[in-house]
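*Asks:* My request is simple: use the sequences and hints to build the entire structure.
Residue numbers (the working numbering), protein chains in the order written: chain A, 754 to 866; chain B, 45 to 158.
Everything labelled a hint here was simulated from the structure, so no lab data went into it.
Small disclaimer: the values here were computed from a predicted structure and weren't measured.
All residues carry an ideal CB built from backbone N, CA and C; glycine is no exception.
Keep in mind that the hints are not guaranteed to be accurate.
Computed cross-link-like contacts, DSS-like style, restricted to lysine-lysine with a CA-CA straight-line distance of at most 27 Å [to be verified]:
1. K758/A - K791/A
2. K101/B - K57/B
3. K807/A - K791/A
4. K809/A - K758/A
5. K101/B - K791/A
6. K824/A - K758/A
7. K809/A - K824/A
8. K57/B - K824/A
9. K101/B - K758/A
10. K758/A - K807/A
11. K101/B - K824/A
12. K821/A - K791/A
Derived DEER-like restraints, expressed as beta-carbon distance ranges [what the hints assert, rightly or not]:
13. F113/B - S822/A: 39 to 45 Å
14. S804/A - S109/B: 29 to 35 Å
15. H829/A - E146/B: 16 to 22 Å
Among the chain B residues that face chain A by a calculated CB cut under 10 Å, a handful are [claimed, not checked]:
16. F89
17. K101
18. G102
19. L132
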Amino acid sequence: DQQVKQNSPSLSVQEGRISILNCDYTNSMFDYFLWYKKYPAEGPTFLISISSIKDKNEDGRFTVFLNKSAKHLSLHIVPSQPGDSAVYFCAASEIQGAQKLVFGQGTRLTINP
Amino acid sequence: KAGVTQTPRYLIKTRGQQVTLSCSPISGHRSVSWYQQTPGQGLQFLFEYFSETQRNKGNFPGRFSGRQFSNSRSEMNVSTLELGDSALYLCASSTAQAGDTEAFFGQGTRLTVV
Chain A
754 DQQVKQNSPS LSVQEGRISI LNCDYTNSMF DYFLWYKKYP AEGPTFLISI SSIKDKNEDG
814 RFTVFLNKSA KHLSLHIVPS QPGDSAVYFC AASEIQGAQK LVFGQGTRLT INP
Chain B
45 KAGVTQTPRY LIKTRGQQVT LSCSPISGHR SVSWYQQTPG QGLQFLFEYF SETQRNKGNF
105 PGRFSGRQFS NSRSEMNVST LELGDSALYL CASSTAQAGD TEAFFGQGTR LTVV
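*Replies:* Here it is, written out as structure tokens:
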């Protein structure tokens, strides 16, 4: 039973445009949501997080939106840059402090020049 | 500030052997979590240690164990290795303080069981 789902295995976006990565979850007990970026053979790099009391959090080019009623979150990257090409994972946790993260399967984002 | 450090980076072991992996968290971080990444199962939570105590545990067999030392460094042990244990093992550290929702990962240890 996959509690966190990223239904798009891959996404291709032109440089300068907006990248939108989506994530759905089933566990209503999740209170914290995080996005990570990962390059091959490296650990995930933390990008941005949001707690369930908010519906939006912004950090530079990255914005995360949370729709609790739909159990859906999305990561927007504007403008997309070639260095953004990587695998993006969304993760969720019931526990404050981001322990015991449940990860989605990841979306490979490719930014085309 | 130094990041999360995992050693060794790469390891090759034979079926039936045991292995110990090490993780040094970011200074000041008291929580260390371990994850297994495989192509088929993705990133899965193994366990979390805080103040030398295991606080949370994932759905892995008892062959997977860990511990945390007083300086917050953590080790993970896998006994009686199986081919399916080949994976990238990642540790993550966090402050575990109220309101802090960030967890930072190390580069991982790539374990190959032959």
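*Asks:* Was the hint right that F89/B lines chain A, CB cutoff 10 Å?
*Replies:* holds (5 Å)
*Asks:* So if I understand the rule, the pair passes when the alpha-carbon distance is 27 Å or less; does K824/A with K758/A pass?
*Replies:* Within the cut-off at roughly 11 Å; holds.
*Asks:* Are the Cα positions of K101/B and K57/B separated by 27 Å at most?
*Replies:* Cα-Cα ~25 Å, so holds.
*Asks:* Would the hint on L132/B stand, with a C-beta cut-off of 10 Å toward chain A?
*Replies:* Holds - the Cβ of L132/B comes within 10 Å of chain A, reaching about 8 Å at its closest.
*Asks:* What's the verdict on K101/B and K758/A, does the C-alpha distance respect the 27 Å limit or exceed it?
*Replies:* holds (21 Å)
*Asks:* Determine whether the Cβ-Cβ distance between H829/A and E146/B falls within the hinted range of 16 to 22 Å.
*Replies:* holds (19 Å)
*Asks:* Within 27 Å, alpha carbon to alpha carbon, are K57/B and K824/A?
*Replies:* At roughly 42 Å apart (the allowed maximum being 27 Å), K824/A and K57/B break the hint.
*Asks:* Taking only the CA atoms, is the gap from K758/A to K791/A under or equal to 27 Å?
*Replies:* Roughly 17 Å separates the two Cα atoms, so the pair holds.
*Asks:* Taking 27 Å as the top limit, are the C-alpha atoms of K821/A and K791/A close enough?
*Replies:* holds (26 Å)
*Asks:* Starting from K101/B, check that the Cα of K824/A is at most 27 Å away, please.
*Replies:* holds (25 Å)
*Asks:* When you check the alpha-carbon spacing of K809/A and K824/A, does it fall within 27 Å?
*Replies:* holds (14 Å)
*Asks:* Verify the interface restraint on G102/B: the C-beta must sit less than 10 Å from at least one C-beta of chain A.
*Replies:* With Cβ-Cβ at 8 Å, under 10 Å, it holds.
The earlier numbered hint that this structure contradicts is number 8, and it is the only one.
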